[in-house]
Amino acid sequence: MRSELFAEANQEIQSAERWTKQSSKMLRVNVSSGGDVIAAKGAMVAFQGQIEFQHEGAGSAARFLKQMVTGEGAPLMRMRGQGEVFLARDAQNIFTVLLEDEGLTVNGSSLLAFDQALQWDIKMLRSGGGMMAGGLFNLEIGGRGTVALSCDGQPLLLDCSRQPTYVDPNAAVCWSANLQPQIQNSMNLRSMLRGGTGEAFQLAFHGPGFVVVQPSEGRPEASGQNSGGGGIGGLFE
Numbered sequence: 001m002r003s004e005l006f007a008e009a010n011q012e013i014q015s016a017e018r019w020t021k022q023s024s025k026m027l028r029v030n031v032s033s034g035g036d037v038i039a040a041k042g043a044m045v046a047f048q049g050q051i052e053f054q055h056e057g058a059g060s061a062a063r064f065l066k067q068m069v070t071g072e073g074a075p076l077m078r079m080r081g082q083g084e085v086f087l088a089r090d091a092q093n094i095f096t097v098l099l100e101d102e103g104l105t106v107n108g109s110s111l112l113a114f115d116q117a118l119q120w121d122i123k124m125l126r127s128g129g130g131m132m133a134g135g136l137f138n139l140e141i142g143g144r145g146t147v148a149l150s151c152d153g154q155p156l157l158l159d160c161s162r163q164p165t166y167v168d169p170n171a172a173v174c175w176s177a178n179l180q181p182q183i184q185n186s187m188n189l190r191s192m193l194r195g196g197t198g199e200a201f202q203l204a205f206h207g208p209g210f211v212v213v214q215p216s217e218g219r220p221e222a223s224g225q226n227s228g229g230g231g232i233g234g235l236f237e
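Residue numbers (UniProt numbering): 1 to 237.
None of these hints come from the bench; they were simulated from the model.
This one's a predicted model, so the numbers in the text were calculated from it and none came from an experiment.
There is no bait here: all hints are sound.
Dumping the calculated DSBU-like pairs for lysine-lysine here, alpha-carbon to alpha-carbon at most 35 Å: (1) K123 - K21; (2) K25 - K41; (3) K21 - K41; (4) K123 - K25; (5) K41 - K123.
All chains, full assembly: derive it from the sequences and hints.
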């Protein structure tokens, strides 16, 4: 049998590493090495070996209350066993971030997976307008381990320390955990009477740190849903 399907570029990349990119759009996780992996529900596209998939709840009363009060939460699953799992999301680009006692805040719609050893919590925005800004929820992840993210296109890394930075909530992929973005409402009565601009809300960042922006405001089918080397590497290469 002959086909371009059998080209070397399409074959599985064998590796003893825990996290291996099979391509720019697919990630292989060795669950046998390093313990359980927490992943977004629906991110698995294939697996080999003996893998169990279990619903991952809030994990604590505080996180459960945040989910109940805000309506925000991440649909997560736990993967455990012996084997490898292949993860992807809508053919988006995939990046990994290695945290070494550092923190990262992730837009829930961009989260793909992370090591179980990392600590996570729902990040509350200071403004009460979070639901109006696209239904965005965020997870703050910290400790030592790897986080896998998906990005709709080639990411842009912005330095927020030089000047105030404003990002569409649906275009923000992740940012430094020390940054505390606020929701800015740029709508005014005159603009509303003329039909608006479609850019009513932004996340305002300012301070030492970065924000990663994707060249997309999310998939149309997700619109309105409540999903929203060493050190910090891989994502910024």
